[in-house]
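Starting from the known structure of chain H, fit chain L onto it as the hints suggest.
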Amino acid sequence: MCGIVGLFLKDASLEPKLGELLSAMMITMSDRGPDSAGIALYGNKQPNLLKLTLQSPTPDQDFDGLDHLVSERTGSEVTMERRDTHGVLFVTSELLLEVRRALGDLRPSIRLMSTGESIEIYKEVGHPAGVVNRFQLEKMTGTHGIGHTRMATESIVNTLGAHPFSTGIDQCLVHNGSLSNHNSLRRRLIREGVHFETENDSEVAAAYLTHRMSSGATLTQALESGLKDLDGFYTFVIGTRDGFGVMRDPIACKPAVMAETDRYVAFGSEYRALVNLPGVDGARIWEPEPATPYFWVH
Amino acid sequence: MQNLDLETLELRDVNQTLQSQSKSVSQSEWAIINARGNHAIAVGLDAPIEVTVKGSTGYYCGGMNKQATINIHGSAGPGVAENMMSGKVVVEGDASQYAGATGRGGLLVIKGNASSRCGISMKGISIVVHGNIGHMSGFMAQSGTLVVCGDAGDALGDSIYEAQLFVRGSVESLGADCVAKEMRLEHLDHLRALLSAAGCNHKAEDFTRYGSARNLYHFDVDNSGVY
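The listed protein sequences derive, respectively, from chains H and L.
Residue 99 in the numbering used here sits at position 99 of the first sequence, and the numbers go up by one each step.
Residue 97 in the numbering used here sits at position 97 of the second sequence, and the numbers go up by one each step.
So here's chain H without its partners, still in its complex pose (with noise of 0.2 Å):
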């Protein structure tokens, strides 16, 4: 069991608000993953820059004049912010092998949670709710984003098996469910050059949807085919530069929820989760049916 938050807007007028919504939504799907949470937040492009948000076990010496560091090493001005033991390094897009060579240099234990325009992943273990103020989730902008509590099966409960997953540029997956053929799906995607940081299924599932996606198939494209290929159960919620998808396998057993109004698109794993949002009493509520691509984009 997991629980899967997300929140599309349509209503630019909500964006201040995002944070705040999603985070509560992701505290009230808590008993159904007290282990980890994370969210994925999508907005506040800054022109011509990539967005790293990385993750340290130590933050205080890695983090330490870590921008500094980096702008001597590439000879260009990198700027960082820092959220607890995330932090957000701002880089122009030619600087981005680079820098990822230079961080694996100066600081070996800091791992990158998501590399894109839009995307911010803060992922740690521990109670949603804990999760949500290290962060200060609340405060936080947008224009989508996804939240996950997890309750571990398939794998160890560490900061890197936390949800969302990111595996492309500005993409991102949650997952509630499991998946029975992960580890002979992920020995033929590293055949075919793709690298994996944990043993866990659902980065699988998002390392092959992203592997589709880069040999130019269209996200829906992409969870078509993993229909055939992904073996076992799973309620997807997949982010994207402008974009908020959701897939469900063919036996749906994994809860979905859906609430659409004029204002925005939110998905639960329960009800439970929309009951606080703002006009859902007017919204028009569905289940996603099975083996059926659901996207909305900006």
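If you are wondering where the hints come from, they were derived from the structure by calculation, not from laboratory data.
Do not rely on the hints blindly, as some may be mistaken.
[As the list claims (entries may be wrong)] Dumping the calculated DSSO-like pairs for lysine-lysine here, alpha-carbon to alpha-carbon at most 27 Å: (1) L:K111 - H:K254; (2) L:K23 - H:K254; (3) L:K54 - L:K23; (4) H:K17 - H:K139; (5) H:K45 - H:K10; (6) L:K54 - H:K254; (7) L:K111 - L:K181; (8) L:K66 - L:K111; (9) H:K228 - H:K254.
[Stated by the list, open to error] Anything over 10 Å on all C-beta distances counts as not near chain H; from chain L, calculated: (10) S28; (11) N71; (12) M136; (13) G199; (14) N201.
Even for Gly, the Cβ is constructed at its ideal location relative to N, Cα and C.
Below, chain L alone, put in the same frame as chain H:
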């Protein structure tokens, strides 16, 4: 009517208050307000009382019900009226997956649509859905009646035993060993009575009956190569 507010009362206290009516009924009409998708509302009741739940409910509302009439003024989450023994549960909105699962008696009425696995492993309950039902409904249904005024999804009645299924609209596909059957007078009478009890105006003659072909009841040596 007495109100029980889930915003101020603990769920366990609300349920215990209602369950204690089984000793002697002090109040025959109750309302539960601020349901807000909470789980296990009004479960395990065993008294001829009427409970109105205002708002949508989470998992297992009305589970194990005996005697009571429970009206849900909203939609119901997974497992509404699961293992109901007797009484009546009415959902004004839609119901999520496995509505009425394993139910042994009583009547479950869903005025909207029901999701997947409606009536899975039912054992005597009557279920009437005004709208459509999702895939794998009536899976391993043992006895009782499932009435669908709209359409049914994939694999209706897979591995069904002796439950009766009546569908007015289309069936996306039938599950293993589920077949359309002749509608005889006794079936029409039974269906009419259920439609009337569930407040449906449809004509019994517009429905098709489905049930077990009984081919899975015994091992068939011709299938030995399949395993």
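Verification of the hints:
1. L:K111 - H:K254: Given pair K111 of chain L, K254 of chain H holds - Cα atoms ~24 Å apart, limit 27 Å.
2. L:K23 - H:K254: Outside the cut-off at roughly 39 Å; violated.
3. L:K54 - L:K23: Holds: K54 of chain L and K23 of chain L sit about 25 Å apart, inside 27 Å.
4. H:K17 - H:K139: holds (8 Å)
5. H:K45 - H:K10: Within the cut-off at roughly 17 Å; holds.
6. L:K54 - H:K254: Judged against 27 Å, a Cα distance of about 26 Å means the pair holds.
7. L:K111 - L:K181: holds (26 Å)
8. L:K66 - L:K111: holds (21 Å)
9. H:K228 - H:K254: holds (18 Å)
10. S28: The claim holds: S28 of chain L sits with its nearest Cβ about 29 Å from chain H, beyond 10 Å.
11. N71: N71 of chain L is indeed farther than 10 Å from all Cβ atoms of chain H, at 18 Å.
12. M136: violated (8 Å)
13. G199: The claim stands: G199 of chain L keeps its Cβ more than 10 Å from every Cβ of chain H (closest is about 23 Å).
14. N201: Fine: 25 Å to the nearest Cβ keeps N201 of chain L off the interface.
Of the numbered hints stated above, those contradicted by the structure are hints 2, 12, listed in ascending order.
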